[in-house]
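**Student:** Chains as they are written, first to last, in the numbering used here: chain A, 122 to 265; chain B, 122 to 265; chain C, 185 to 266; chain D, 185 to 266.
Please note that a few of the clues may not be correct.
Claimed, not checked - Listed next, the in silico SDA-like pairs over lysine to any residue satisfying Cα-Cα at most 20 Å (straight line):
(1) Lys232/B / Lys232/A
(2) Lys246/D / Ala222/A
(3) Lys232/A / Leu198/B
(4) Lys232/B / Leu198/B
Claimed, not checked - From chain D, some residues computed to sit far from chain A (all C-beta separations above 10 Å):
(5) Met185
(6) Thr189
(7) Ala194
(8) Arg195
(9) Ala208
(10) Ala211
(11) Thr214
(12) Asp217
(13) Thr225
(14) Pro227
(15) Arg243
(16) Asp248
(17) Gly254
(18) Asp255
(19) Gly265
The hints are simulated quantities; they were obtained by calculation from the structure and are not laboratory data. Heads up, the beta-carbon is just placed ideally off N, CA and C, and yes, glycines get one too.
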Amino acid sequence: MNPLTRDPITVESLLRVVQSPERGGTCVFLGTVRNDGDVTGIEYSAYDEMAVAEITRMLDEARERWPEARVALQHRLGLIPLGEASIAIAAAAPHRADAFAACRYVIEEVKRRLPIWKKELHTDGTATWVDPSGKTVAGGLRDR
Amino acid sequence: MNPLTRDPITVESLLRVVQSPERGGTCVFLGTVRNDGDVTGIEYSAYDEMAVAEITRMLDEARERWPEARVALQHRLGLIPLGEASIAIAAAAPHRADAFAACRYVIEEVKRRLPIWKKELHTDGTATWVDPSGKTVAGGLRDR
Amino acid sequence: MAQVTVRFFARYAELTGCDTAAVAVPAAATVNDVLDRVRETVPGARSLPPRPLAALNLRQVKLDTRVKDGDEVALLPPLSGG
Amino acid sequence: MAQVTVRFFARYAELTGCDTAAVAVPAAATVNDVLDRVRETVPGARSLPPRPLAALNLRQVKLDTRVKDGDEVALLPPLSGG
């Protein structure tokens, strides 16, 4: 499964990768495009080669920490409408504590490490880059 | 949505109940019938009226603790084959920490409080009641 | 006297051979008194553990909880939902 | 001398007007030296923050990390994946 996709994400495809009769607990995280006021959609872009490398490293780290767990991740790129998923992570394990922990680990690492950026598109036609440190900056303008 | 069902559980039906453009993070837990040696399937039975009442109370508690989160739960009853889901919980919230916490809270309460029982069916035709305290007891036999 | 409905589930229903029993206990009786009465009147109930999990009117309760006329007491084997 | 490819992403690509630039730096130069060279040769790069996030060959690195011939340096705006 390609970890980066431009198509809608389906939870089932991730579940198929991680689930097995030996792994009785599965934790899934879905991040969906949120309506922050006047946002109509979000354009996601990535440093593709590095994003793929980071995802591989994160999943390897999860495997080392929770050897019985199996984790899969898919991040969608391009224009994503309100309410649709930008990311899905599925972690299956024999015991639920491991499934929750592995899933949570991966989403926290995604937020910290994945070279992916979002540009919010507004109803008035403007666009702003999202800076999770709190500031948003209009597309194309200088640093403020 | 009926919280108890005899049909296969679909994650989508739970997602539809909890997701909205204001809630950007969704955590799902799936419990599936695990292959413990020679188990071919598990027969789930419930004290239906109390199970429904407990589920309502758990979801009310989750709403009180995480007012911005929305949580849904479905437990399947009857004979469930290996690998299929016996329970699904979905929690959506504006922020992922709340979605994870609410989902985890509900599955822990389910394990602690829900009046549901499982009987493992074995390849040799025998059946054993599952006692999570560790002992399993053959169906119909006296306490040991 | 209080008339109480007792329900048996899962393995306890197998042990007693019944799903429901009606018992009469004195006013101010407890769930434990109901349980004692059940052991006297339902032959298979003698195999129930000494202190099973119990619910009163759809809520788990301690065995010293008082019952009243028309209550429903349920005897619950160790829970294994999820 | 080391020939290094520099890549710009998201808002930084908008600021500089380019996706990629090739710069030459002395042997034993650091990512920070690459950044200084970029500011001299790419006009829009003067608007980059003083200490942007950087990656060297697909891994995040500190700005004092050494580069070598053929390396790929990427300048990354604040990450917002997920």
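**Student:** Now look at each hint and say whether the structure bears it out.
**Tutor:** Structure-based check of each hint:
{"no.": "1", "hint": "Lys232/B / Lys232/A", "verdict": "31 Å, violated"}
{"no.": "2", "hint": "Lys246/D / Ala222/A", "verdict": "29 Å, violated"}
{"no.": "3", "hint": "Lys232/A / Leu198/B", "verdict": "38 Å, violated"}
{"no.": "4", "hint": "Lys232/B / Leu198/B", "verdict": "15 Å, holds"}
{"no.": "5", "hint": "Met185", "verdict": "25 Å, holds"}
{"no.": "6", "hint": "Thr189", "verdict": "12 Å, holds"}
{"no.": "7", "hint": "Ala194", "verdict": "4 Å, violated"}
{"no.": "8", "hint": "Arg195", "verdict": "5 Å, violated"}
{"no.": "9", "hint": "Ala208", "verdict": "23 Å, holds"}
{"no.": "10", "hint": "Ala211", "verdict": "25 Å, holds"}
{"no.": "11", "hint": "Thr214", "verdict": "19 Å, holds"}
{"no.": "12", "hint": "Asp217", "verdict": "21 Å, holds"}
{"no.": "13", "hint": "Thr225", "verdict": "19 Å, holds"}
{"no.": "14", "hint": "Pro227", "verdict": "12 Å, holds"}
{"no.": "15", "hint": "Arg243", "verdict": "8 Å, violated"}
{"no.": "16", "hint": "Asp248", "verdict": "20 Å, holds"}
{"no.": "17", "hint": "Gly254", "verdict": "15 Å, holds"}
{"no.": "18", "hint": "Asp255", "verdict": "13 Å, holds"}
{"no.": "19", "hint": "Gly265", "verdict": "3 Å, violated"}
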